[in-house]
Amino acid sequence: MGYKCLAKDKFSELVEKFTKEQDVFAPIAQGLEVKWSLIDDPSKILFDFKNTSMSPKGLFFPQTECLFEFNNNKDAEDAFILKETSPLVKKRTLLNIRPCDARAFSILDKVFMKDEDSLDVYWKDKRDKTILIGLACTNPCSTCFCTQVNSSPFGEDGLDVLMIDLGDKVVLKDVTDKGEEILKGLEDASDEDIKKVEELKKEAESKINANLSMDNILSREVLEVYEDPFWDRLYETCLNCGACTFYCPTCHCFDIQDETKGDYGRRVRNWDTCMSWLFTQHASGHNPRGTKKHRVRQRFMHKFKYMPIKLDGDIGCVGCGRCIQVCPVNIDVRDVIKNMNK
Amino acid sequence: MKNPYKPYPVRIKRIEIATEDKSLRTFEFEFINKEDANKFNYMPGQFAELSIPGYGESPIGIASSPTEGENLLFTVFRIGKVTTKLHSMREGEVMGVRGPLGHPYPLGELEGKNIVIIAGGYAVTTLRSTMVWLLHPDNRSRYGKITFIYGARTPGLLLYHDQWRQWQKRDDVDCYITIDREVEGWDGLVGFVPTITEKVSPDPENSVAIICGPPVMIKFTQPVLDKLGWKGEQIIMSLENRMKCGIGICGRCNVGPYYVCKDGPVFTKAELDRLPKEY
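Which chain is which? The protein sequence lines are A and B, in order.
For the first sequence, my numbering assigns the number 17 to the initial residue and increments by one for each residue that follows.
For the second sequence, my numbering assigns the number 3 to the initial residue and increments by one for each residue that follows.
Next comes chain A alone, as it looks inside the complex (with noise of 0.2 Å):
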């Protein structure tokens, strides 16, 4: 353990030294968005910027994914049985991951691989063969408050290694067994530089202004936050639109769905949202969610009261603030996590 240094001309070699049996995956501009791309040429690596327009979430839980295929004609010997798609071929790696979006990994790690019955054989792999290699947020946005979800712009929560840019160079801290690895070789930072991590570390948590407490949600019955008048006041604005959930890194819920075509068939995962009436529908017509008070409420609960009690405590959220960004009614969860807290 320790912190290491890289001169940033030297970047580029580490980059290419990972390209040569990786897929590496990094924020790039395309237009006026930053978003998660294929590296090709390690150039155009970006430092500066915010954060990705999407969370890398796609990468282990993509939007559309395939489970099975199978064949479709009824006469064939083989019809109708599914055969699993083959994993990954190659490892990868995710380069200036924030840390709130590596923590959202950490997280759902609980949910997509809680035990052997229930243990999501997809996104393990994909988890398996990809190192996170993360970039320390210096200058956060006004909507983060990573420091309120037990994290920080500097958190190593579901990191390997955390990178933090000091201009001309870069310090490497190795988190896991497999940043360690990565790191050998590289010289180890000096006493100034390490003082210089401290300082922008406490610089950019003091950036984060918002104050929020969760104890009185923890602490209160279920029953009691779910019948709080002022969901009634809440649910007006909200417009079901269900971009929040899509660019939530830690929103996770998913539709399965078959399609065919012709003597091809597969079954496919996509994104759903807890927003649309359809998800909780059954097929009698009876709609246990049936109203958008019961769906804007539901993920909120979920994230603040539901998932702490099933994962040790554990909040679904890091703090990343896109929903706050995104939301077109101005929908703050701040202002929400404030409300539920009473």
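It is worth saying that the hints were derived from the structure and are not from the lab.
Treat the numbers as computed from the prediction; the structure is a model and nothing was measured.
All the given hints hold, so there is nothing to weed out.
Interface residues of chain B toward chain A, partial, derived using beta-carbon atoms under 8 Å:
| no. | residue |
| --- | --- |
| 1 | ILE81 |
| 2 | GLY98 |
| 3 | ARG254 |
| 4 | LEU277 |
Ideal Cβ positions, reconstructed from N, Cα and C, are used throughout, including at glycine.
Chain A is fixed; fit chain B onto it per the hints.
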């Protein structure tokens, strides 16, 4: 590594029209790979996803009991895309079964107790499984009195005639079969399930009730049990919600923090009283 989304391939061995209106059919499945039958270890109250490639999956309670052998029974109401397709399928066709899923009724914990089963309509499926299991010679002696109350609108809508007619002949089961209104040729009980339950008035002492039925039946049976002194902890229910993954990940079937698929479908009334009514 076991893929929890992968169904076991099965062949439809037998199809039986289960009700006079033909809206329900009972399917008997046999595993295509014999070793899969051993992996499919289940107990009454669990369910499985019936999987028809090209159409999708539908979660259905298992109607057979593990004491009946390796084949599985499901009685399915025709209502959505998958169940409509299933009703058009024939004996010998191949499909999939994924499971067993969810928790069974806690029959192990109920040893030594009297058991009252109250069923309405086609929610009786997993209770058929329970009855067959309880009445098996290996199990019957470990339980006290067994009471079975089951109602449907008409005689032709009652499922499993052969089974309950046998149970009626046994002296170690109190079996009450009822229909809503009088029908010519029916010499059994007439009256709604809550009314019959009131007449039977099961004693809550050292007893547990397992109740499955339409919401209206449950709504009117509840006050009857309350009056008799039954407590929420003694009443076991089984919920249904829309499901996809069946293993507590995809996010739609939750009631409060608990997934009906993974943490349920079996809950006590006491547990449900502390949760939102999202079912």
